[in-house]
Amino acid sequence: MRKDLVFGMAGSGGDGIVSAGDSLLQAASAEGYHGVMTKSFGSQIRGGESSCRVRISTEPIPNPGGNLDVAVALNWEDFLKFGAELPVSGNTVVIYEAATGIAENQIPLVGVTPLQVIAVPIAAMAKETAGTERAKNTVVLGLIAGWFGIGGQAVMVGIKKKLAKKGEELVAANQRAFDAGVAFAKEHPLKSDMTVMPSGNKGAVKLLTDGNDMAAAAALFAGCQFFGGYPITPSTEIMQFFTNHVWKYGGAVLQAEDEIAGIGAAVGASFAGKKAMTATSGPGLSLKSEMMGLASIAELPLVIVDVQRGGPSTGLPTKTEQSDLFAAAFSAHGDVIRPVLAPTSVADTFRVVVEAFNIAERYQTPVIVLSDQEISQRKETMDPIDTTQFKIEERLRPTAADLQDYKRFRITENGISPISHPGMPGGAYLAAGIEHNETGAPTNSGSVHQRMNDKRTRKFDPLLNRQDLFEITGNPDAPLALVAWGSVAGVCREALQMAQAEGLNVKLMVPYLLYPVAEATYNRFFASVQKGLVVEQSHLAQTFKVLRMHLDLPKGLKSLARSGANPFLPGEIVEALHHLLAELQRSHEGKLQPQE
Amino acid sequence: MSAICEYQAKDYKSDLKPIWCPGCGDYSVVQGIYRALAAIGRPPHEIAFISGIGCSSRIPGYTTAYGFNTVHGRALPIAQGIKLANPDLLVLAAGGDGDGFSIGGGHIAHLIRRNIDITYIVMDNQIYGLTKGQLSPTSQKGRITVTSQHGSLEEPVNPLLYTLAYGAGFVAQASPTDLASMASIIEEAIRYPGFAFVNIQSPCVTYGEEAQQIKGLKAISENLSTLGHNPADRLAAMDLAQQYGRKLHLGVFYRNPEPAPTYDGLIRERQAALSKGAIPRERILDLFIKK
Amino acid sequence: MTTRGIDFKALSLKDALDLAVLIEQEAKDRYEEFAAQMDQHRTPEAAKFFRFMALNEAKHGEELAARRATLFGAAPVAVTPAMIFDIEAPDYDAARAFMSPRKAMEAALASEVKAHAFFMAALPSIQDQGVKLLFQELSGEEVQHQDLVKAELAKLPPDSGLSDEDFVDEPAAQ
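Taken in order, these protein sequences are the chains called A, B and C.
Offset between the first sequence (1-based) and the working numbering: plus 11.
Offset between the second sequence (1-based) and the working numbering: plus 1320.
Offset between the third sequence (1-based) and the working numbering: plus 20.
What the hints contain is simulated information worked out from the structure, not anything from laboratory work.
Positions of the beta carbon are idealized from the N, C-alpha and C atoms, including for glycine.
Some hints could be false.
[Claimed, not checked] Once the Cα atoms are required to be at most 27 Å apart in a straight line, the calculated BS3-like pairs of lysine-lysine come out as:
| id | chain 1 | residue 1 | chain 2 | residue 2 |
| --- | --- | --- | --- | --- |
| 1 | C | 68 | C | 79 |
| 2 | B | 1538 | C | 123 |
| 3 | C | 79 | B | 1330 |
| 4 | B | 1452 | A | 176 |
| 5 | A | 418 | B | 1337 |
| 6 | B | 1610 | A | 171 |
| 7 | C | 79 | B | 1333 |
| 8 | C | 152 | B | 1535 |
| 9 | B | 1567 | B | 1538 |
| 10 | B | 1452 | A | 177 |
| 11 | C | 123 | B | 1535 |
| 12 | B | 1610 | A | 259 |
| 13 | A | 402 | B | 1596 |
| 14 | C | 123 | B | 1337 |
| 15 | C | 123 | C | 175 |
| 16 | B | 1330 | C | 170 |
| 17 | A | 418 | B | 1330 |
| 18 | C | 134 | B | 1567 |
| 19 | A | 259 | B | 1596 |
| 20 | A | 14 | B | 1610 |
| 21 | B | 1567 | A | 213 |
| 22 | C | 34 | B | 1535 |
| 23 | B | 1337 | C | 68 |
| 24 | B | 1452 | C | 123 |
| 25 | B | 1333 | A | 418 |
| 26 | A | 418 | A | 470 |
| 27 | B | 1610 | B | 1596 |
| 28 | C | 134 | B | 1538 |
| 29 | B | 1535 | C | 68 |
| 30 | B | 1610 | A | 173 |
| 31 | B | 1330 | A | 172 |
| 32 | A | 172 | A | 213 |
| 33 | A | 176 | A | 202 |
| 34 | C | 68 | B | 1333 |
[Unchecked claim] Derived list of chain C stretches under chain B, where covered just means 3 residues or more per stretch with a C-beta under 8 Å from a C-beta of chain B:
| id | stretch |
| --- | --- |
| 35 | 44-56 |
| 36 | 60-73 |
| 37 | 98-111 |
| 38 | 114-121 |
Excised from the complex, chain A in its bound form:
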């Protein structure tokens, strides 16, 4: 019996493998398991290669998992295209389509001998039972139910719901295909038992959604009343969610004519006094940078979600990467601080987006939420979130006394000036991208510019002391450390547990606030650190470089960085920690040698 199983399945788009993954996840959720599913696609809109990874567990899941426990290949050509995204190890059971004609001892996986390899005549079984090869994915679900005990009849409940409108016969055909899969599994038992333990949690209320829908729902919860955006993969679902729901809360959404107009409309809505948001991905972030500068100097609250994908330019639109940190922190010219936050899971996307609105409103600033393709499009089961624990902040409005002699950009001790909006009597002012004095009147004065830059910078000081925007786990005095954010954080959380179980003295920092860099918080964390890794999916190691720019990093802190679409495995991080420990021990021994 297993507590945790990772499935990876690939085929062509026509094989419906992603939809099988969806059914599996929903069934697992209905049976009380925790589940996470990620999808990855080739570049064709239809009929290209597609894959999904589904991780199911009786425990909360930190990430979509490392090596696969179960690999399903409907054809090898497509499966192999995903490379490191679907890693097979000596512990993997490989199930593949017999019609590929490849013998079980000749499957095209180099340098690995899987635990077990089983060729299944999936297409033939689908044709025989359902009358069409299209039912291959249902056969696969039957196989999974039979061998691993996941899904069972809950899968068919889901399929029936989905197909109910299409007629009895289709449902019956799918039932036959499913049963055939279960029967095949029973007739060909695995060498070792890989069934999953009962969840013990059947019937508990669970939430199931992806990072994009969660970001949109969190924004509505935070009081967002306007979304302006433009379709761009992999962030578009955020706008789609708004177009369905925002009206109900008296708000509006605009699919604008371009990325610039999308953020422009959001800047306008914020000027008009409403909480506003836009969402995009890399190329869109590049286009929006001038408007971000405008929102900074006009001191207008605004939330920008950037769902990172492989870059630069069009890059890898359907794959995850963490290469937008520089752009998020530094794009748009001029001396300006723009807070950057990052979620690490679908569940904490809620908290991070609500926090982004709070920071935007409190400090009257644009805030970037750096999500990534994996989090945005992965589906996750989670326990219900108690929304009453979240405080929602509103921008500081002028009092009647302020309006007696209103100065929109009044230089205050904490740098925050009360903000009016059109419609408010006595509060009219000129907002501008041009430098301005306290009333908003344009100026070219160097001294005013200096004072305004001081004000716009100083207002973020309290943000640097927000300990709650950092998650620190493991032994606080550990000499070994990991730093990771975004979707990579989940891999490191699991690596930390594994490393601790193997006796390593290690700790992990997960920053939710990436920028401005909270120097004191990092310095405290690094005080005990002699060796460590900053783990990130960025070829240039942007996180490591941003930290080095702000901090005197411990000499033994190294970068573990690679390009997007090449996921980290918890095991390799643990291995890297062992190497660091060995280096550390050697250097200590070296120091013990007499110098003469």
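The hints should help you fit chains B and C onto chain A, whose structure is shown.
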């Protein structure tokens, strides 16, 4: 028949001193706007006046409305966000020909097709003044400027024909040769329920050519009402608009006699229709419960 | 120089007086605006002259308003500012940065000539005898104004023939 107005033109004039060159046509435009706003009588704080970047884009600061002097070419995107966020506001947008028809040229078509109730005033001087006299999208072919030292090789944009072709419900042209008429055209544009475009031939005294100064404009100007033009006739308007650059037709080219519903109006209807079934915000995550 | 919706044949003395008040008012406002432009653009001598002109126009306007009040009391005003444009006010582009007092005076002189022409052109269509007398009087006053400006011009040193533009800095790009 002087109307009894709660507000007078001077109530819309701010204390900020214009930076425009003396003699600039934009001085007359801001006067026209003060007069039009006084005629309409909305309190200044209920007006949002948005501009891009350029000499003319300084204009919101010279009014007592809520102003927003944004970035180059983006007055309209920001103005539409304001109007959709709060349809109760009177939203004006303004800028120059470069702002509206070059760097920001992609936006106007979309505001027109959405029919957002915004009045857009372009101060068209056929030159880039703020950067010292470069070719603009409305400069005539052959024009010699610092960036076309042997003469421009490009045909100019025709703002009137563009906006008519995009389907604008209200298209008009004015000039400082007749301030009273300019004021009444702006007033009419603001009163039009939907997107309204007013092109104002506003001479640049520093970089403009002699023929583009007031005397030159007067010589080619003709009043559309004197011509007997029927502003309900869109095709006739397009015909007249083709003479842009050769003749200065003043007045309303086109006013849709049956104004289409506005985007901002439709939003209100949708909000009202859908608000009844809303889950309270604090329970929004219930949408994700899978049973 | 434009009028709109004025039927000179039917113009009554009351309306003619109100019209004259508006014409003076418009000129006063324009001169004040020009003076402010000159202040803002560091051309103080021209500013001073435009302010002098604004005062003259204001004074004349007040005299006309007083006459109207005596004759017609609080009877409602039927003419509006929208009916006139640039009768006695200089053209909007008559102002220039760093303009010399001579240029400022020449601009004012041109608008007084323009105003005189306006009244002269209207006279033939006017039926009402009172209005006719008023317009004759006003056109005469425009001539006096011209003389006033000419007198100011005469006080200036002789024209050097140099243009203001020959001395000033180039405009600054923004």
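Okay, the stretch 60-73 of chain C and chain B, do three or more residues pass the C-beta test at under 8 Å?
-> holds (count 3)
Assess, step by step, whether the Cα of residue 1610(B) is no farther than 27 Å from the Cα of residue 1596(B), and give holds or violated.
-> holds (23 Å)
Assess, step by step, whether the Cα of residue 1538(B) is no farther than 27 Å from the Cα of residue 123(C), and give holds or violated.
-> Given that 27 Å is the threshold and the Cα spacing comes to 22 Å, the pair holds.
8 Å C-beta criterion, at least three residues: is the stretch 44-56 of chain C covered by chain B = This one holds; 3 residues, not fewer than the three required, reach chain B with a Cβ under 8 Å.
Distance restraint between residue 123(C) and residue 1337(B), which requires alpha-carbon spacing of 27 Å or less = Roughly 23 Å between the alpha carbons, so the hint for residue 123(C) and residue 1337(B) holds.
Restraint status (C-alpha distance of residue 68(C) to residue 79(C) at most 27 Å) | holds (17 Å)
If you draw a straight line from the CA of residue 123(C) to the CA of residue 175(C), is it 27 Å or shorter?
-> holds (14 Å)
Taking 8 Å as the C-beta cutoff, is the stated coverage of the stretch 114-121 of chain C by chain B satisfied by three or more residues?
-> holds (count 5)
Keeping to a limit of 27 Å between CA atoms, is the pair of residue 34(C) and residue 1535(B) held or broken?
-> Status violated; Cα separation ~33 Å.
Hint consistency between residue 1535(B) and residue 68(C) [alpha-carbon to alpha-carbon, up to 27 Å] = holds (26 Å)
Hint consistency between residue 402(A) and residue 1596(B) [alpha-carbon to alpha-carbon, up to 27 Å] | Holds, because 25 Å separates the two Cα atoms, which is no more than 27 Å.
Is the straight-line distance between the alpha-carbon of residue 1452(B) and that of residue 176(A) 27 Å or less?
-> violated (68 Å)
Checked against the numbered hints above, the structure breaks hints 4, 8, 10, 16, 21, 22, 31, 33 and satisfies the rest.
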